[in-house]
Amino acid sequence: MTRMDEIVLKIEEIRQLMHGLMDNKALLTDPELVALSQKLDGLLNEYNKLTCRKI
Numbered sequence: 364m365t366r367m368d369e370i371v372l373k374i375e376e377i378r379q380l381m382h383g384l385m386d387n388k389a390l391l392t393d394p395e396l397v398a399l400s401q402k403l404d405g406l407l408n409e410y411n412k413l414t415c416r417k418i
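In our numbering, the protein residues as written are 364 to 418.
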């Protein structure tokens, strides 16, 4: 499995976790949601860097 594949799987995993938490949290600013969002941002940035290198 390539690094790109690993990132895509992790992005999907975190996205699903966030959707589940959003159903259970009163505020989108909940620290747990914010932490997941930041982790997702980092993975998306890494994914973007990898895709830019392939061009």
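It should be emphasised that the hints constitute simulated quantities derived from the structure, not laboratory data.
Glycine residues also receive a C-beta, built at the ideal position from the N, C-alpha and C atoms.
Do not take every clue at face value.
Unchecked claim - Within a straight-line C-alpha distance of at most 20 Å, the following computed PhoX-like cross-link-like pairs (lysine-lysine) qualify:
# : residue 1 : residue 2
1 : Lys412    : Lys402
2 : Lys402    : Lys373
3 : Lys388    : Lys402
4 : Lys412    : Lys373
Claimed, not checked - Derived CB-CB ranges, DEER-like:
#  : residue 1 : residue 2 : range
5  : Glu369    : Ala398    : 36 to 44 Å
6  : Ser400    : Glu369    : 13 to 21 Å
7  : Cys415    : Ala389    : 32 to 40 Å
8  : Asn408    : Leu380    : 17 to 25 Å
9  : Asp404    : Asp368    : 28 to 36 Å
10 : Met364    : Lys388    : 30 to 38 Å
11 : Lys373    : Cys415    : 16 to 24 Å
12 : Met364    : Thr392    : 31 to 39 Å
Evaluated hints:
In summary, the hint linking Lys412 to Lys402 is supported, as the alpha carbons are separated by about 16 Å, within the 20 Å threshold. Between Lys402 and Lys373 the CA atoms are separated by roughly 10 Å; this keeps the pair inside 20 Å, and the hint holds. Proximity of Lys388 to Lys402 is assessed by CA-CA distance (about 18 Å); at most 20 Å being required, the pair is judged to hold. For the hint pairing Lys412 with Lys373, the CA-to-CA distance comes to about 16 Å; that is within 20 Å, so the pair holds.
Look at Glu369 against Ala398: about 20 Å separates their beta carbons, and that is not inside 36 to 44 Å. Here the CB-CB span from Ser400 to Glu369 is close to 20 Å, well matched to the stated 13 to 21 Å. A hinted range of 32 to 40 Å holds for the C-beta pair Cys415 and Ala389, which are about 38 Å apart. The beta-carbon spacing between Asn408 and Leu380, approximately 18 Å, falls within the hinted interval of 17 to 25 Å.
In this structure the supplied range 28 to 36 Å is violated for Asp404 paired with Asp368, their Cβ-Cβ distance being about 20 Å. For the pair Met364 and Lys388, the beta carbons lie near 32 Å from each other, so the given range of 30 to 38 Å is met. A C-beta distance of roughly 19 Å is found between Lys373 and Cys415, which places it inside the suggested range of 16 to 24 Å. In this structure, Met364 and Thr392 meet the distance hint of 31 to 39 Å, their C-beta atoms being roughly 35 Å apart.
When the structure is compared with the earlier hints, violations turn up for hints 5 and 9 and for no others.
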